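Engineer: One-letter residues, chain by chain:
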Amino acid sequence: MITLDDYAPIVGEEVVSQLYRLAEHLQGRRFVHINSTAIGGGVAEILSWAVPLMNQLGLQTDWEVIMGDPAFFEVTKAFHNGLQGFKVNLTRAMLEHYRQVNLENARRFSWEADVVLVHDPQPASLIEVLRPQSRRWVWRCHIDASRPHLTVWRFLREIVKQYDASVFSMSQFAQNLPHPQYLIRPSIDPLSEKNRDLTEEEIKAVLNRLGIEKDKPLILQVSRFDSFKDPIGVIQAFRLVRRHTPCKLVLAGGEATDDPEGPEILAQVQEAAQGEPDIQILLLPPDAHHEINALQRAADVIVQKSTREGFGLTVTEAMWKGKAVIGGAVGGIVLQLRDYHTGFLVSSPEGCAFRIRYLLHRPEMARRMGQTAKEFVRTHFLITRHIRDYLTLMILQDNPDSRLIEL
Amino acid sequence: MAKKLEQVAEDPFWFQECFLMAMPLGKKVVNLRELLQGLREIDESVLFYHLIQSRLALGQPTVEYPNDFALWAANALQDNKLAEKLSSFDPFEYQNLGLVRQAVADLLEEYLWDLPSVPWARPGFEFHFCQASVVVMHSLISARTLKEFCEALTQVGMDSIYYHFFEARWRLGELKGDDFSFWIETNFGLPELVKAIRDVDIYFYNLNELRETLLGLIHQHLEELCDHPG
Numbered sequence: 017m018i019t020l021d022d023y024a025p026i027v028g029e030e031v032v033s034q035l036y037r038l039a040e041h042l043q044g045r046r047f048v049h050i051n052s053t054a055i056g057g058g059v060a061e062i063l064s065w066a067v068p069l070m071n072q073l074g075l076q077t078d079w080e081v082i083m084g085d086p087a088f089f090e091v092t093k094a095f096h097n098g099l100q101g102f103k104v105n106l107t108r109a110m111l112e113h114y115r116q117v118n119l120e121n122a123r124r125f126s127w128e129a130d131v132v133l134v135h136d137p138q139p140a141s142l143i144e145v146l147r148p149q150s151r152r153w154v155w156r157c158h159i160d161a162s163r164p165h166l167t168v169w170r171f172l173r174e175i176v177k178q179y180d181a182s183v184f185s186m187s188q189f190a191q192n193l194p195h196p197q198y199l200i201r202p203s204i205d206p207l208s209e210k211n212r213d214l215t216e217e218e219i220k221a222v223l224n225r226l227g228i229e230k231d232k233p234l235i236l237q238v239s240r241f242d243s244f245k246d247p248i249g250v251i252q253a254f255r256l257v258r259r260h261t262p263c264k265l266v267l268a269g270g271e272a273t274d275d276p277e278g279p280e281i282l283a284q285v286q287e288a289a290q291g292e293p294d295i296q297i298l299l300l301p302p303d304a305h306h307e308i309n310a311l312q313r314a315a316d317v318i319v320q321k322s323t324r325e326g327f328g329l330t331v332t333e334a335m336w337k338g339k340a341v342i343g344g345a346v347g348g349i350v351l352q353l354r355d356y357h358t359g360f361l362v363s364s365p366e367g368c369a370f371r372i373r374y375l376l377h378r379p380e381m382a383r384r385m386g387q388t389a390k391e392f393v394r395t396h397f398l399i400t401r402h403i404r405d406y407l408t409l410m411i412l413q414d415n416p417d418s419r420l421i422e423l
Numbered sequence: 011m012a013k014k015l016e017q018v019a020e021d022p023f024w025f026q027e028c029f030l031m032a033m034p035l036g037k038k039v040v041n042l043r044e045l046l047q048g049l050r051e052i053d054e055s056v057l058f059y060h061l062i063q064s065r066l067a068l069g070q071p072t073v074e075y076p077n078d079f080a081l082w083a084a085n086a087l088q089d090n091k092l093a094e095k096l097s098s099f100d101p102f103e104y105q106n107l108g109l110v111r112q113a114v115a116d117l118l119e120e121y122l123w124d125l126p127s128v129p130w131a132r133p134g135f136e137f138h139f140c141q142a143s144v145v146v147m148h149s150l151i152s153a154r155t156l157k158e159f160c161e162a163l164t165q166v167g168m169d170s171i172y173y174h175f176f177e178a179r180w181r182l183g184e185l186k187g188d189d190f191s192f193w194i195e196t197n198f199g200l201p202e203l204v205k206a207i208r209d210v211d212i213y214f215y216n217l218n219e220l221r222e223t224l225l226g227l228i229h230q231h232l233e234e235l236c237d238h239p240g
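So the sequence lines, in the order shown, correspond to chains D and A. Going by the numbering used here, the first sequence opens with residue 17, and the numbers climb by one from there. Going by the numbering used here, the second sequence opens with residue 11, and the numbers climb by one from there.
Everything hinted at is true.
As a list, the in silico BS3-like pairs of lysine-lysine whose alpha-carbon atoms are at most 25 Å apart:
hint	chain 1	residue 1	chain 2	residue 2
1	D	177	A	38
2	A	38	D	103
3	D	232	D	220
Calculated directly from the structure, the hints in this document are not laboratory data. Small disclaimer: the values here were computed from a predicted structure and weren't measured.
Could you build all of it, start to finish, from the sequences and the hints given here?
Structural biologist: Here it is as structure tokens:
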């Protein structure tokens with residue numbers, strides 16, 4: 017089992033020791049996370065390491081997953097798309113079903129907590145039933161809600177207003193709400209199977225298994241097959257690059273159980289890539305962390321050409337592997353990538369193609385930017401900082417009206 | 011000089027740790043005129059966040075712009091002239107945040123006055139106002155001598171450096187002062203070292219580089235190698 021002390025060689029003794037001492041002020045507190053999927057997607061990944069580590073720190077931390085039928089996830093996907101600015105239709109029946117599924121889930125939950133952190137809109141309306149079971153309720157929005165569709169936000173706002181606080185990944189996503197809003201950046205786990213160091217042999221073995229011959233420079237995008245990740249735009253960019261420079265493209269995507277649109281987008285991508293032997297589309301299971309790790313380490317250029325993005329943990333992962341990343345100039349990607357320092361921000365397939373060519377032709381510059389990127393992640397986007405933020409958030413929940421707390 | 015390194019201070023220096031939680035207000039501005047208006051209305055804590063605290067919240071990979079306003083002028087308004095003016099603005103030249111607010115507002119008003127049109131932010135690059143809540147905790151690290159102080163500097167987190175070197179300037183009410191130089195001055199004298207620390211151009215170092223700079227200054231002034239790796 018990985019313990020907090022295992023992170024000391026990566027982040028420094030003082031960072032780990034800080035966490036223990038901060039947690040001393042919260043001993044015995046009960047902390048509950050609630051989301052809607054146990055595997056697949058960034059939230060489940062964060063919780064899979066955060067929960068055991070918080071328990072190691074002496075906080076009684078539990079993780080609950082709500083269940084729903086396909087109709088429920090159709091509604092919550094519409095919420096997700098609506099928060100990201102897409103126009104969606106919500107009928108009264110859909111909203112009633114959303115509340116009904118939450119009500120059914122609420123009946124299963126008997127815990128009592130000091131702080132509950134409810135992740136994203138799927139379980140948000142649990143508060144309407146379970147309010148007395150926790151002293152403080154905090155809504156954690158992982159989605160790029162910078163320009164939400166009004167109908168969706170109007171509905172969700174009435175629910176979110178009942179919370180004591182909300183947490184967003186970026187200040188752009190914060191809303192006009194009657195309670196304190198906090199910023200917590202997501203993070204990655206440097207010791208997880210997805211991010212731990214790999215040997216050359218391990219990387220080669222994965223490439224062999226996936227049938228990827230490394231005979232040309234490899235361009236990679238790792239993401240769910242979702243229209244906001246713009247896989248079609250990546251294929252367009254790849255075709256532009258190939259006019260000048262030989263290379264191959266791998267689009268590797270997992271499936272999240274709460275995303276019903278995945279298969280449809282995958283079909284569109286397969287059609288766009290038809291007849292092109294240098295494009296490989298890999299549909300990987302949600303637990304293919306080792307494969308993703310090897311692909312990211314093997315890639316010459318990593319792209320995350322999203323048109324909407326909550327934070328973009330795949331960008332963080334690639335940066336941690338010392339890669340200069342080309343990302344869409346949206347959401348949290350903007351926080352992570354700075355032109356010529358840690359990567360490049362782009363706004364079109366043409367821009368993406370141009371930067372891919374730049375990095376392929378300037379490997380030394382790519383290496384230097386990758387090193388800066390790795391150090392940037394070490395300081396700001398590793399899980400030790402994330403846990404420190406959770407602890408700080410809990411301390412602030414004890415003193416909601418104070419801006420300066422001296423322990 | 012070795013003696014000076016071993017001299018025991020009357021009061022030990024206790025390092026504090028500082029955890030900053032940024033709090034977005036959910037309010038944004040889309041152009042320079044709105045920023046000016048917003049600056050006149052916001053709480054002083056918001057001004058403090060964008061000028062000082064944001065350095066700890068998310069330090070840039072390389073320090074290019076010393077505050078959020080200059081960064082926004084460059085990246086969002088794509089107005090290099092304004093970014094240059096805001097980069098040269100030093101909040102520590104003013105006695106309190108009320109005066110800082112007035113000075114920034116004057117700078118923006120004068121700049122806007124001469125412009126034929128109001129610069130707008132690119133879509134998606136609006137300026138979002140933030141403030142912060144801060145939790146301060148005693149660390150277990152203290153120093154009684156300058157030698158111990160050097161060792162401690164290599165051990166503490168960057169949040170400690172921020173707290174004692176940046177936040178202290180407002181806390182102490184002496185805008186050129188910081189906790190480190192104050193402790194050295196009151197316990198050991200060393201006016202040249204104290205002056206050198208107070209003269210560090212804090213805008214061009216990230217927190218890690220500041221740590222190295224401080225160690226270098228003490229080392230240089232005492233002509234004695236402090237124990238720190240690398």
